[in-house]
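*Asks:* Sequence:
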Amino acid sequence: MTFTSGSNGQADLPIEQFLSAVTDAVQSGRHNVDALVEKYALSSEEADEFIRLIRGLAAALVLVRPSKEFSAQLKRDLIGAPERTFIERLLFLPPRVQIAAVAALGAGLWLLARRRYTALVEADGEGKTEIAPAG
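For the sequence shown, the working numbering gives the first residue as 85, with consecutive numbering after it.
By construction, these hints were calculated from the structure, which means they are not laboratory data. The structure presented is a predicted model; accordingly, all values stated were derived computationally and were not measured. Using N, Cα and C, we set each Cβ at its ideal position, and we do this for glycine too. Don't take every hint at face value.
To be verified - Label pairs and their computed distance ranges (CB to CB):
1) L158 x K123: 37 to 43 Å
2) E153 x G192: 30 to 36 Å
3) D161 x V181: 22 to 28 Å
4) P150 x I183: 27 to 33 Å
5) E133 x R180: 55 to 61 Å
6) L145 x K123: 24 to 30 Å
7) V181 x G113: 50 to 56 Å
8) K123 x D161: 15 to 21 Å
Please model the complete structure; the sequences and the hints are all you need to start from.
*Replies:* Below, the structure is given as structure tokens:
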């Protein structure tokens, strides 16, 4: 593959334009690029090498949709992770851990309610005095 470069080491403008035009044509589905070869006055061997390379790249580079997890992680990495509430953190845990956490929370609430109920019953019982029957 021959490649002409300018006096300052950069690629000549017509080849860059040719590569851009061929790439656009291949991406848009127009595979007849003979008119472009004539327009930019390149040798057919040089043009064929570029065209094969561009077509090979177009065939190799296929559109891939990222997964939702990857997109969410990328968004968190770019804009920062928002503060999560307790419920949101609980939802990201595995199911077994969620069940255990809910059971522990329920048991804790039940113990608190039982303690409060016992304290209320004892407080009501201390204020009452019973009178023994006469007899």
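*Asks:* Run every hint past the structure and note whether it holds.
*Replies:* Against the structure, the hints come out as follows:
no.: 1; hint: L158 x K123: 37 to 43 Å; result: 41 Å, holds
no.: 2; hint: E153 x G192: 30 to 36 Å; result: 32 Å, holds
no.: 3; hint: D161 x V181: 22 to 28 Å; result: 25 Å, holds
no.: 4; hint: P150 x I183: 27 to 33 Å; result: 31 Å, holds
no.: 5; hint: E133 x R180: 55 to 61 Å; result: 59 Å, holds
no.: 6; hint: L145 x K123: 24 to 30 Å; result: 26 Å, holds
no.: 7; hint: V181 x G113: 50 to 56 Å; result: 51 Å, holds
no.: 8; hint: K123 x D161: 15 to 21 Å; result: 45 Å, violated
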